[in-house]
Amino acid sequence: MATLTRRDGSPLAPVGGRTTRAATGRRWAGSAARHAILLACSAVFVLPFVWMVVTSLKSNQQVLVYPPEWIPSPVRWRNYLDAFEAAPLLRYAWNTTVICVTSVVGVVISSTVVAYGFSRLEWRGRDALFVVVLASLMLPFQVTLIPLFIIFSRLDWTNTYLPLTVPAFFGNAFYIFLLRQFFLRIPRDYSDAARVEGANELQILWQIIVPLARPAMITVALFQFLFAWNDFLGPLIYISEESRFTLALGLATMRSNLGLSEFGQIMAAATMIVAPVLLIFAVAQRYFIEGIAASGVKG
Amino acid sequence: MAIAQPTSTFALPGADAADRRAALRRRELRRIGTGLLFVSPWLVGALVFQVYPVFASLYYSFHSTTMLKSGTFVGFENYRLLMSDDLFWTSLGNTLYYLGASVLLGTVAALALAMLLNQRLRGMAVYRVVFYVPTIVPLVAVSVIWVWFLHPQYGVLNYVLDLVGLPSPGWFADPAWAMPGLVIVSLWGLGNAMVIYLAGLQDIPVELYEAAALDGASGWERMKSITVPLLTPVILFNVIIGLIHGFQYFVPPYVITGGGPADATLVYSLYLYDTAFQYFKMGYASAMAWVLFVIILIVTGVLLRTSGRWVFYQGGTR
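Line order of the protein sequences matches chains A and B. My numbering numbers the first residue of the first sequence as 1 and each following residue consecutively. My numbering numbers the first residue of the second sequence as 1001 and each following residue consecutively.
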């Protein structure tokens, strides 16, 4: 099987001089074909990233060269500095971080408490109300968009981060669902034992459930962080003052302000926005995959 | 915070039935109270950020509301105008085009990739990461990357097409090719669905395959009569998610094409956004939102109703 680990995409040479049974040979060929297809697909998926980074290091002249060149020469690191001049990206990064952190704190606390009420407490009407939680996921954003905008405008919340963060403190249906799934799998005896010892529900939640549910809560925090980092429509509608822009808004503005030959700078900015996301993913990969998988299969 | 303390359940001997019932009811009420207290953040949030807006937008849709004034009651006028609005039909058509193509191709491709990955394959985790990662990239960055990747003159894809002797389309500059371009961009994000399919595949009991192999079923037969049928609930889930997302599709067309060229990528959300936030016609935009809401309800309803014909659940329980 060692030959199968080759990842360079070259056709795998047949194993010479060794007689294998037909079945083994077929399996080997099947596996090789599988790897060939997957490698080709992987290349297609990775290529846009490569093209982004390569372009971010090209001079304005080299950006507009055909056929496309894959090695930047000269390597122009200045694009990254120029990007900071074209738009106050540090400022935007700070703004985005403020929104991200606030909404993550809000969503994790509120969704955990609500999910506890929908899973570890037994009360009449609970499951019927939970169906409403799930149904609310079907509501398209377009329906609430305009009234919310009017409410937040009347409150004078435009050009502040309040419309982007305050709703997070009221729980999020999808995260409530994810956390509830997780809470339901914790044996009931744990809570009952604590109740016998006189613990109240908040103590049970904090001392028993939260430590056990940490992976699910991390998943929720990561999802929300990414959502807030990537969100575009929210900032687009509520933030018009340039000094309060988020990174996503800033990048879109850069793209409409700069010309074709300046795509090096745009790609430098794009790289800087994508990099933190990839970094977080690299560190916390399993929480993503498990969260996504749980949402689909158990749902 | 008033948190219910566990109450003792002993009934005193001699206490009569009415008292016991009253005590029971009190305990029941206290439980409901505690439950509601815990879910109250969501309850309040749903009332303020969802229930009220839903009714408010229905109200606006019957009024000539603009950004500045609440307007007057106009009956079904907004809806009537909508029906004779060419751009409304264009945007609806564009959205359906995008939806059909991206859900169909996305489902097939995500399923195929998941099946390729499902075998005990070396490097499976690496492949999974490669396919998944584009889905977490900010959509604005995705859009900017693809503007450049699909550039008619300097883009990589046209270069490759040129190499193999195929014609190079104008992509986002060509009304006929702009939407296919957006569909390609959407396919870059199929990793989410793929991970869900992969999890679904791993839930299929191995014994089924072993039994089929003993009966001499070929790989194709096993896929056709075990894998796909048992995966249909997951397919249904992903298709519904895809539809709901597709109807709300906004960022890539906004950033990449702005709806052009010649309104070829003016999708529903984009037209709604323009109506509300460029032309400030809040009432008209609210009517658009409600028409969309009803369409989504009908489409998912029909899908769920007819799903009994093609969705199988393990254990025979529907």
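Among the clues, some could well be false.
Simulated pairs of lysine to aspartate or glutamate, DMTMM-like, Cα-Cα distance not exceeding 25 Å [stated by the list, open to error]: (1) B:1069 <-> A:156; (2) B:1069 <-> A:122; (3) B:1224 <-> B:1203.
These aren't lab readings, by the way, just hints derived from the structure by calculation.
field: Unmet hints by their number, sorted upward, for this structure
entry: Structure breaks hint 2 only.
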